[in-house]
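A.B. asks: Chain by chain, the residues:
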Amino acid sequence: GAVVSQHPSRVICKSGTSVKIECRSLDFQATTMFWYRQFPKKSLMLMATSNEGSKATYEQGVEKDKFLINHASLTLSTLTVTSAHPEDSSFYICSARDLMVRGQETQYFGPGTRLLVL
Amino acid sequence: KQEVTQIPAALSVPEGENLVLNCSFTDSAIYNLQWFRQDPGKGLTSLLLIQSSQREQTSGRLNASLDKSSGRSTLYIAASQPGDSATYLCAEGGSYIPTFGRGTSLIVHP
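Going down the list, the protein sequences come from chains W and Z.
Using the working numbering, read the first sequence as starting at 810 and increasing by one per residue.
Using the working numbering, read the second sequence as starting at 1450 and increasing by one per residue.
What the hints contain is simulated information worked out from the structure, not anything from laboratory work.
Computed from a predicted structure; not experimentally measured.
Just so it is clear, CB atoms sit at the ideal spot from N, CA and C, and this is done for glycine as well.
Accuracy of the hints is not assured; some may be wrong.
[Said to hold, decoys possible] Label pairs and their computed distance ranges (CB to CB):
#1 Z:1467 with W:826: 45 to 53 Å
#2 W:860 with Z:1558: 43 to 51 Å
#3 W:851 with Z:1504: 24 to 32 Å
#4 Z:1503 with W:829: 35 to 43 Å
#5 Z:1490 with W:829: 18 to 26 Å
#6 W:851 with Z:1466: 23 to 31 Å
#7 W:840 with Z:1503: 32 to 40 Å
#8 W:860 with Z:1521: 30 to 38 Å
#9 Z:1467 with W:894: 40 to 48 Å
#10 W:872 with Z:1457: 31 to 39 Å
[Said to hold, decoys possible] Here are the simulated EDC-like pairs of lysine to aspartate or glutamate, each with C-alpha atoms no more than 20 Å apart in a straight line:
#11 W:851 with Z:1488
#12 Z:1517 with Z:1452
#13 W:851 with Z:1452
#14 Z:1491 with W:831
#15 W:850 with Z:1452
#16 W:850 with Z:1533
#17 Z:1491 with W:897
#18 Z:1450 with W:868
Take the sequences, apply the hints, and build the full model.
C.D. replies: Right, dumping it as structure tokens:
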């Protein structure tokens, strides 16, 4: 079945540095990918929708200059947390839509990336 | 805007019990409904996906049902085991953007 991978799975960085997280669809093309953030004991909150070849659409309250999203190809989207601070520590999960069958789009989720900013 | 609610938020049962997790959604015009499992500090593992045209899906001891008219989905776990302990999330696929519930934290004790 379709698989979505994320890299890295876990990252620890110093405050002020930037961190890039990759999301790849391994055996299907994804024109749209989604980035989520999960706070402890909370549900997944949609951060932004990443569209291949165009600018990402950010949800209200998400700083686009803080969380840079690039969807350069049909199989890769990246999320860069710029000038990370401890409050950015969280679990980030991406998902990708498989458009193989029109009207039967399926979401596949990556395994997540645990970010800890010291 | 679609809202997804999961009840109960937490559940603790003895091993061997059959249990039901509930998921409700406010907009019945859903695309699909998906159940996930999340272990502590881990990503999501897809358990079952029900398309809007389907009423249920089964995988091993798991059975998920979908009733669009009432805005509900249930995940039935038969003969629960300690290894089933995890957080279970449901997500409504939506026409474009999936919406997640907050999850049900399940503990199955020996």
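A.B. asks: Evaluate each hint against the coordinates.
C.D. replies: Hint check:
1. Z:1467 with W:826: 45 to 53 Å: Holds, since residue 1467 of chain Z and residue 826 of chain W (Cβ atoms, about 49 Å apart) stay within the stated range.
2. W:860 with Z:1558: 43 to 51 Å: Since the Cβ atoms of residue 860 of chain W and residue 1558 of chain Z sit about 46 Å apart, the hinted range of 43 to 51 Å holds.
3. W:851 with Z:1504: 24 to 32 Å: Given a distance of about 31 Å, which is inside 24 to 32 Å, the answer is holds.
4. Z:1503 with W:829: 35 to 43 Å: 39 Å, holds
5. Z:1490 with W:829: 18 to 26 Å: Holds: the Cβ-Cβ distance is about 21 Å, inside 18 to 26 Å.
6. W:851 with Z:1466: 23 to 31 Å: Taking Cβ atoms as reference, residue 851 of chain W and residue 1466 of chain Z lie about 27 Å apart, which means the hint holds.
7. W:840 with Z:1503: 32 to 40 Å: 25 Å, violated
8. W:860 with Z:1521: 30 to 38 Å: 32 Å, holds
9. Z:1467 with W:894: 40 to 48 Å: Given about 46 Å between the Cβ atoms, the range holds.
10. W:872 with Z:1457: 31 to 39 Å: 35 Å, holds
11. W:851 with Z:1488: Holds, at roughly 14 Å.
12. Z:1517 with Z:1452: Holds - the C-alpha atoms of residue 1452 of chain Z and residue 1517 of chain Z are around 14 Å apart, at most 20 Å.
13. W:851 with Z:1452: 14 Å, holds
14. Z:1491 with W:831: 17 Å, holds
15. W:850 with Z:1452: 18 Å, holds
16. W:850 with Z:1533: At roughly 18 Å apart (the allowed maximum being 20 Å), residue 1533 of chain Z and residue 850 of chain W satisfy the hint.
17. Z:1491 with W:897: OK: residue 1491 of chain Z and residue 897 of chain W at ~18 Å, within 20 Å.
18. Z:1450 with W:868: OK: residue 1450 of chain Z and residue 868 of chain W at ~13 Å, within 20 Å.
In terms of the numbered hints stated before, the structure departs from hint 7 and from no other.
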